[in-house]
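Colleague: Letter by letter, the chains look like this.
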Amino acid sequence: SAVISQKPSRDICQRGTSLTIQCQVDSQVTMMFWYRQQPGQSLTLIATANQGSEATYESGFVIDKFPISRPNLTFSTLTVSNMSPEDSSIYLCSVPIYRGSGANVLTFGAGSRLTVL
Amino acid sequence: GENVEQHPSTLSVQEGDSAVIKCTYSDSASNYFPWYKQELGKRPQLIIDIRSNVGEKKDQRIAVTLNKTAKHFSLHITETQPEDSAVYFCAARGYQKVTFGTGTKLQVIP
Chain B
1 SAVISQKPSR DICQRGTSLT IQCQVDSQVT MMFWYRQQPG QSLTLIATAN QGSEATYESG
61 FVIDKFPISR PNLTFSTLTV SNMSPEDSSI YLCSVPIYRG SGANVLTFGA GSRLTVL
Chain D
1001 GENVEQHPST LSVQEGDSAV IKCTYSDSAS NYFPWYKQEL GKRPQLIIDI RSNVGEKKDQ
1061 RIAVTLNKTA KHFSLHITET QPEDSAVYFC AARGYQKVTF GTGTKLQVIP
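First to last, the protein sequences are chains B and D.
Residues 1 to 117 in our numbering are what the first sequence spells out, letter by letter.
Residues 1001 to 1110 in our numbering are what the second sequence spells out, letter by letter.
Keep in mind the hints are simulated off the structure, nothing from the lab.
Ideal placement from N, C-alpha and C gives every residue a C-beta, glycine not left out.
Honestly, I wouldn't trust all of these hints.
[Claimed, not checked] Partner residues are not named here, just some residues of chain D that face chain B (Cβ under 10 Å, in silico):
hint: 1; residue: Tyr1032
hint: 2; residue: Pro1034
hint: 3; residue: Tyr1036
hint: 4; residue: Gln1038
hint: 5; residue: Gln1045
hint: 6; residue: Leu1046
hint: 7; residue: Asp1049
hint: 8; residue: Arg1051
hint: 9; residue: Ala1091
hint: 10; residue: Arg1093
hint: 11; residue: Val1098
hint: 12; residue: Thr1099
hint: 13; residue: Phe1100
hint: 14; residue: Gly1103
Work the whole structure out from these sequences, hints included.
Modeller: Shown next as structure tokens:
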């Protein structure tokens, strides 16, 4: 199965700064997804990173706050801009991996735990 | 968009007993229903999934049932063990996008 590498694994950031999270997959994938998991909460989709076009954002998430790049079929970045303590979360990259049974299984990177002071 | 509700939010069972987690979804176009287990500090991992053309699926001690008419699906864990303690998320996938339930924290008491 595919290996998804995500970095940084964790970081402590100052209010007002921005941080870029990288996601690298060891095989080409059409779609990459970015999720947020706030402390003790579920997983919320931020956006779908599309190669060659702008990302598709979910309701409540905007490009100015969470710019995304997808330069090729194996790599994506998510930037959390102008951070505030409310942005303290785990951010997870995920990709659908085809399984022999016919289903594309959503598979997650290890996540990036951000703490904003 | 899709809305997935999950109950209960917490569940404590004695080791060896069964645990049941229930979910409902809103979008009749959803056709794939995975379940994820997330241990503390780790990424969510798929444990079982079911497609909309199947009513039940079993894998050793875990099983999932789906009622498309009622838009309900459930996870059943039998003979629970302490290592089953984790947060479990149900999810529903429509067109490419996966929506997660709110999660159930399962505690198995030895």
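Colleague: Each hint: holds or not?
Modeller: Hints, one by one, checked against the model:
1. With a cut of 10 Å, the hint placing D:Tyr1032 at the interface with chain B holds, because the nearest CB-to-CB distance is about 6 Å.
2. Of the supplied interface hints, the one on D:Pro1034 holds, with its beta-carbon coming within about 7 Å of a beta-carbon of chain B, less than 10 Å.
3. Because the smallest distance between the Cβ of D:Tyr1036 and any Cβ of chain B comes to about 8 Å, under 10 Å, the interface hint for this residue holds.
4. Among the interface hints, the one on D:Gln1038 holds; its C-beta lies about 9 Å from the nearest C-beta in chain B, closer than the 10 Å criterion.
5. A least Cβ separation of about 8 Å between D:Gln1045 and chain B falls short of the 10 Å threshold, and the interface hint therefore holds.
6. The restraint placing D:Leu1046 at the interface with chain B holds, with a minimum CB-CB distance near 5 Å, inside the 10 Å limit.
7. Here the hint on D:Asp1049 is kept, as its CB sits about 6 Å from the closest CB of chain B, short of 10 Å.
8. With a least beta-carbon distance of about 7 Å to chain B, the hint placing D:Arg1051 at the interface is held under the 10 Å criterion.
9. Satisfaction of the interface hint for D:Ala1091 is found here, the shortest Cβ-Cβ separation to chain B being roughly 8 Å, below the 10 Å cut-off.
10. Hint status for D:Arg1093: holds, given a least beta-carbon distance of 8 Å to chain B, under 10 Å.
11. The interface hint given for D:Val1098 holds, since its Cβ lies 5 Å from the closest Cβ of chain B, which is under the 10 Å cut-off.
12. Contact between D:Thr1099 and chain B, as hinted, is supported at the beta carbon level, the nearest pair being about 7 Å apart and thus within 10 Å.
13. Annotation: interface hint on D:Phe1100 holds; nearest CB of chain B at approximately 5 Å, less than 10 Å.
14. Proximity of D:Gly1103 to chain B holds as hinted, the smallest CB-CB distance being about 5 Å (cut-off 10 Å).
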